[in-house]
Amino acid sequence: TQLLEQSPQFLSIQEGENLTVYCNSSSVFSSLQWYRQEPGEGPVLLVTVVTGGEVKKLKRLTFQFGDARKDSSLHITAAQPGDTGLYLCAGGSGNQFYFGTGTSLTVIP
Amino acid sequence: DAEITQSPRHKITETGRQVTLACHQTWNHNNMFWYRQDLGHGLRLIHYSYGVQDTNKGEVSDGYSVSRSNTEDLPLTLESAASSQTSVYFCASRKGVNTEAFFGQGTRLTVV
Chain A
278 TQLLEQSPQF
288 LSIQEGENLT
298 VYCNSSSVFS
308 SLQWYRQEPG
318 EGPVLLVTVV
328 TGGEVKKLKR
338 LTFQFGDARK
348 DSSLHITAAQ
358 PGDTGLYLCA
368 GGSGNQFYFG
378 TGTSLTVIP
Chain B
41 DAEITQSPRH
51 KITETGRQVT
61 LACHQTWNHN
71 NMFWYRQDLG
81 HGLRLIHYSY
91 GVQDTNKGEV
101 SDGYSVSRSN
111 TEDLPLTLES
121 AASSQTSVYF
131 CASRKGVNTE
141 AFFGQGTRLT
151 VV
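Protein chains in written order, with our numbering: chain A, 278 to 386; chain B, 41 to 152.
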């Protein structure tokens with residue numbers, strides 16, 4: 278059972294554009310993490326949010342945890358080719374964490 | 041520097057054979073996880089362990105087993121490989137709840 282659904286699954290945009298990736302679930306999570314994965318590598322953590330309504334910023338990336346702790350969003354401002362990769366959300370429940378379906382982002386120069 | 045390593049990086053095996061994928065971490069983390077990654081499914085949890093002698097089934101555990109005899113290692117065994125188990129496998133470890141998970145570089149397994 279896939280607990281976390283991400284949308285869109287694929288996204289191709291021009292350099293400089295803004296974008297938002299969504300991570301939705303019917304389950305409540307104690308935390309929500311976002312990872313970025315490049316081809317041939319394992320995922321690398323970008324951010325962890327733990328409080329409902331929490332917003333964290335990492336340079337041009339803004340992460341938000343939903344008030345009910347069931348969903349999250351990742352917003353990228355002025356996308357760069359270096360942002361290209363697979364973005365994965367992961368919901369924490371106790372010591373386990375479950376990954377979303379992933380969003381493959383391509384930023385075209 | 042602490043790290044987590046998987047071996048082999050690539051493996052081709054025949055249907056019905058037993059296969060073991062290795063995962064070794066030097067973070068001294070109690071929590072270790074095995075995932076498989078397939079297009080359209082993200083990462084799906086196979087098995088996980090919270091410490092030595094502890095193992096638990098994840099959402100796609102059928103056909104797989106793990107053992108934890110020490111803190112550093114969590115080998116994943118495919119008892120009788122099937123073509124449906126062709127995938128990329130990732131091992132991860134982390135210190136505790138809500139902490140960063142560190143991933144190996146993955147093992148690409150092909151079952152023919």
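Derived by calculation from the structure, the hints in this document are not laboratory data.
All values derive from a computational prediction rather than experimental measurement.
Be careful, since some hints might not be right.
Output of the computed footprint for chain A on chain B, the stretches with three or more beta carbons under 8 Å from beta carbons of chain A [unchecked claim]:
id	region
1	51–58
2	76–90
3	99–111
Ranges between beta-carbon positions, derived for each pair [as the list claims (entries may be wrong)]:
id	chain 1	residue 1	chain 2	residue 2	range
4	B	Glu-54	A	Pro-386	24 to 32 Å
5	A	Asn-372	B	Asn-110	32 to 40 Å
6	B	Ser-47	A	Leu-280	43 to 51 Å
7	A	Pro-386	B	Ser-109	46 to 54 Å
Heads up, the beta-carbon is just placed ideally off N, CA and C, and yes, glycines get one too.
Going through the hints against the structure:
1. Judged by the Cβ-Cβ criterion of 8 Å, the region 51–58 of chain B is not covered by chain A as claimed, because only 0 of its residues qualify and three are needed.
2. Check on the region 76–90 of chain B: 8 of its residues sit with their Cβ under 8 Å from a Cβ of chain A, so the three-residue criterion for coverage holds.
3. Beta-carbon proximity to chain A at under 8 Å applies to 1 residues in the region 99–111 of chain B; the threshold of 3 is not reached and the given coverage is violated.
4. The hinted range of 24 to 32 Å is not satisfied by Glu-54 of chain B and Pro-386 of chain A, whose Cβ atoms lie roughly 44 Å apart.
5. Between Asn-372 of chain A and Asn-110 of chain B the Cβ separation comes to about 19 Å, which falls outside the hinted range of 32 to 40 Å.
6. For Ser-47 of chain B and Leu-280 of chain A, the hinted distance range of 43 to 51 Å is not satisfied, since their beta carbons lie about 30 Å from each other.
7. Between Pro-386 of chain A and Ser-109 of chain B the beta carbon distance is about 50 Å. The supplied range of 46 to 54 Å therefore holds.
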